Amino acid sequence: MVAAYALSLAFSLAYGYYAATHRGGERVMIPVLDILQSVPILGFFPFAVAVLAAATPGSFLGPNFASVFLIFTSMAWNMVFGVYESLKTLPGDLKEAADTFGLRGYLLFRRVLFPATVSRLVYNSVLSWTAGWFFLVEAEIFSTNTSSALPGIGSYLSFAANAGNLNEFLAGIIVLVVVIALLDFAVWRPLGRWAERFRYDQSPSGEGGELPGATYATGRFRRATSFVTRGVRTGVSRLSTPLVQLAAITVRPGRHPSPRRRSAVYYLALGTILVLVWLLLIALTVAIFDVFTSPISPAVRQQISLVPIAMGASILRVAAAYAICLAIALPLAMKVARSTLANRVGLPIIEVVASFPATALFPVIIFVLVPYLTPDGAAVLMLLTGMMWYLFFNLLSGVRSLPPDLVEAAHSFGLDGRRFFRRVLLPGIFPALITGSITAFGGGWNTLIVAEYLNLRSGQQLSVLGIGELIDIGNGLGPRGDALMVTALLTLVVTVVAINEVIWKPLYRRAVTQYRYD
Amino acid sequence: MALIRVEHVDKSFASRHGTIAIMQDINLSVKDSDFVALVGPSGCGKSTLLRLIQGLDRPTGGRIYFRDQPIDRVCRQMAMVFQNFALYPWLTVSQNVAFGLEALGWSAERIAPQVERYISVIGLDGFQEAYPRELSGGMRQRVGLARALAVEPAVLLMDEPFSALDPLTAESLRDEVLQLWRDPQLPPEAVLLVSHNIEEAIELADRVIVLSRRPGHVLAEVPVDLPRPRDRKSSAFYDLTDRVYSLITQGGPASEGAPRAG
Chain A
1 MVAAYALSLA FSLAYGYYAA THRGGERVMI PVLDILQSVP ILGFFPFAVA
51 VLAAATPGSF LGPNFASVFL IFTSMAWNMV FGVYESLKTL PGDLKEAADT
101 FGLRGYLLFR RVLFPATVSR LVYNSVLSWT AGWFFLVEAE IFSTNTSSAL
151 PGIGSYLSFA ANAGNLNEFL AGIIVLVVVI ALLDFAVWRP LGRWAERFRY
201 DQSPSGEGGE LPGATYATGR FRRATSFVTR GVRTGVSRLS TPLVQLAAIT
251 VRPGRHPSPR RRSAVYYLAL GTILVLVWLL LIALTVAIFD VFTSPISPAV
301 RQQISLVPIA MGASILRVAA AYAICLAIAL PLAMKVARST LANRVGLPII
351 EVVASFPATA LFPVIIFVLV PYLTPDGAAV LMLLTGMMWY LFFNLLSGVR
401 SLPPDLVEAA HSFGLDGRRF FRRVLLPGIF PALITGSITA FGGGWNTLIV
451 AEYLNLRSGQ QLSVLGIGEL IDIGNGLGPR GDALMVTALL TLVVTVVAIN
501 EVIWKPLYRR AVTQYRYD
Chain B
1 MALIRVEHVD KSFASRHGTI AIMQDINLSV KDSDFVALVG PSGCGKSTLL
51 RLIQGLDRPT GGRIYFRDQP IDRVCRQMAM VFQNFALYPW LTVSQNVAFG
101 LEALGWSAER IAPQVERYIS VIGLDGFQEA YPRELSGGMR QRVGLARALA
151 VEPAVLLMDE PFSALDPLTA ESLRDEVLQL WRDPQLPPEA VLLVSHNIEE
201 AIELADRVIV LSRRPGHVLA EVPVDLPRPR DRKSSAFYDL TDRVYSLITQ
251 GGPASEGAPR AG
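Protein chains in written order, with my numbering: chain A, 1 to 518; chain B, 1 to 262.
Source of the hints: derived by calculation from the structure; they are not laboratory data. Values in this document were obtained by computation on a predicted structure and should not be read as measured data. C-beta atoms are modelled at their ideal positions from N, C-alpha and C, and glycine is treated no differently. Do not rely on the hints blindly, as some may be mistaken.
[To be verified] A few chain B residues that face chain A, going by a derived Cβ cut-off under 10 Å, partial list only:
1. Q54
2. R76
3. M78
4. A79
5. Q83
6. A86
7. L87
8. P89
9. W90
10. G100
11. A130
12. V224
13. Y238
Sequences are here, hints too, so could you generate the full structure?
Here it is, written out as structure tokens:
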């Protein structure tokens with residue numbers, strides 16, 4: 001994990017710095033990064049394991065490299081965006097001042113560029129680290145499903161749960177909690193305070209009363225997630241521009257249609273194109289496998305034919321989990337933002353719970369709850385754990401960052417209850433709601449892979465028809481299942497891109513134009 | 001009859017370092033057709049006092065009365081104009097102006113003509129469908145003013161309403177506020193203005209109430225008997241400014257922010 005972090009740090013500084021300073025590089029590197037990071041990371045894990053294990057046969061090194069690589073992929077993107085964004089938004093006068101004094105090379109980096117990125121880098125590191133835990137555990141659990149198990153806390157937990165050894169399992173959980181808490185208090189909090197010094201957007205304090213500032217945690221979540229979202233947004237837009245142009249060529253209306261109709265036509269065209277692209281990719285994959293490797297067995301072929309239905313089921317599951325998340329997170333965020341008691345007592349607890357990798361608990365969820373829940377219910381429950389916190393922390397900071405004078409004006413004019421909610425609160429947190437939803441869905445897609453298919457050695461098995469399940473089955477089948485895995489993965493990627501494009505991007509655009517304070 | 005009476009009002013906030021007294025034993029009154037300005041150094045609680053008067057916040061001690069009724073919740077016969085406008089970016093100019101009327105529970109048919117009326121009184125014709133971000137600072141504050149006037153308040157509370165505007169815009173808007181106040185056909189009856197600009201206070205108000213440094217208390221009430229329109233360059237104006245200025249700089253104990261046991 002430390003290795004992965006060091007790698008991420010070096011990579012993000014180099015990549016972010018290069019992308020921010022070289023125009024040509026920027027045009028290529030940022031879209032590439034966008035696509036990479038909007039793809040569910042875990043899907044690539046089996047590839048990485050296979051490739052690296054093949055490269056180093058017969059040793060533990062291969063799988064270990066693979067897991068470092070996986071954690072790296074979970075950590076790097078938002079750190080790169082942190083570096084990139086903070087360099088791009090560096091105030092012009094600071095840059096000019098450095099130029100007039102002739103600063104360059106290493107000195108420029110040390111005195112200007114690095115300090116400019118420190119604050120965001122630290123914030124994003126915390127989030128990266130949390131995500132890292134999540135994927136570490138997930139990766140190790142995942143690998144226990146295959147032949148090459150990785151020794152680590154995740155596989156330890158997994159084995160303990162498989163063997164039905166509750167004591168060992170609890171011990172593992174406690175160790176994990178202690179490590180996370182220690183890291184938080186000993187490393188991230190001091191680092192966060194230190195990084196505060198590098199911020200240049202100090203706002204003057206108001207007259208009189210002391211307002212409780214946004215806490216460290218919500219700040220870091222908000223920042224980090226907003227980079228990710230912005231990344232997704234630009235990535236999606238860059239990816240889609242050619243498609244849209246294509247759409248414009250194919251659907252050239254004679255008359256000037258109304259904006260609403262044009263957008264309908266636009267989405268219809270876009271949808272068609274995406275479906276076509278997807279079918280093409282699938283056909284291509286199947287063809288490639290047919291030609292270059294052994295022909296696909298009928299059983300696998302049948303599984304592949306299930307892919308569209310599975311995708312639909314997965315979408316429904318993620319949507320259901322999202323609805324539940326929203327129903328819990330919104331009242332909770334309002335409560336925490338408003339009451340000092342909930343803020344002081346509740347928030348630290350929520351923070352610890354949030355940074356705990358929910359994946360570690362999945363074996364328990366199955367073990368304890370499956371008898372009471374339908375498999376679908378258990379899968380949705382696991383999705384919840386992977387989606388909830390993004391939404392909660394975004395909403396919390398949204399409620400918190402409502403400008404106080406807008407709230408006060410509403411009180412001054414006597415607006416309360418439902419009218420206040422509809423007229424002021426909801427529009428006020430709309431951008432945060434959208435950002436939170438995008439990141440929550442991102443988390444959901446990633447969690448799918450574990451949530452839909454878990455195989456315990458004790459004979460219990462959780463398996464529901466879904467795209468995550470198919471990826472897992474494909475992985476479990478070894479080389480024979482590669483075609484299944486690839487098609488399922490491609491389907492997932494295309495769906496994620498499509499949903500971003502059709503649902504989130506327009507909403508996000510609206511959020512930043514209409515619901516922005518200035 | 002006094003419209004507003006503030007009697008022995010204290011306000012303190014709890015903070016990490018103990019209780020901080022913002023103001024102590026504030027007494028003042030606002031009469032019908034009064035234009036009162038509150039001035040004082042920053043941190044003396046001028047804006048807090050304005051919020052206490054409308055009932056947005058409760059005093060720690062003392063009472064506030066509006067037409068002899070104690071203020072125990074937000075008083076709907078007053079309306080506030082905010083320093084940074086507090087306009088809702090997701091609402092159009094019309095919707096922002098209608099905001100207070102909606103909160104009063106007016107029907108849509110009643111709201112529309114009222115909104116139109118105040119939009120034209122304030123000179124916002126043609127901007128009904130614009131969003132706040134498309135307007136200049138001066139125009140935004142006009143929207144804030146129209147929103148406050150549309151509910152036809154008895155008292156207009158203004159919290160540093162011209163501070164965020166450029167000097168020329170502020171000057172013309174000040175003139176308009178003065179005209180509105182003097183027009184018997186239009187609200188409000190009285191205006192209570194918080195300002196840190198002494199000249200502005202003297203140019204507009206009948207009386208200037210000078211608050212001390214924190215904890216704020218009333219140092220003096222300076223009546224302004226100069227005929228309107230007032231000439232900022234006249235010697236009488238200058239003398240008054242000088243008097244208020246020295247009251248603020250010399251007056252009051254130098255105990256800013258001193259924590260008390262609590």
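Are any of the numbered hints broken by this structure? If so, which, sorted upward? Structure breaks hints 11, 12, 13.
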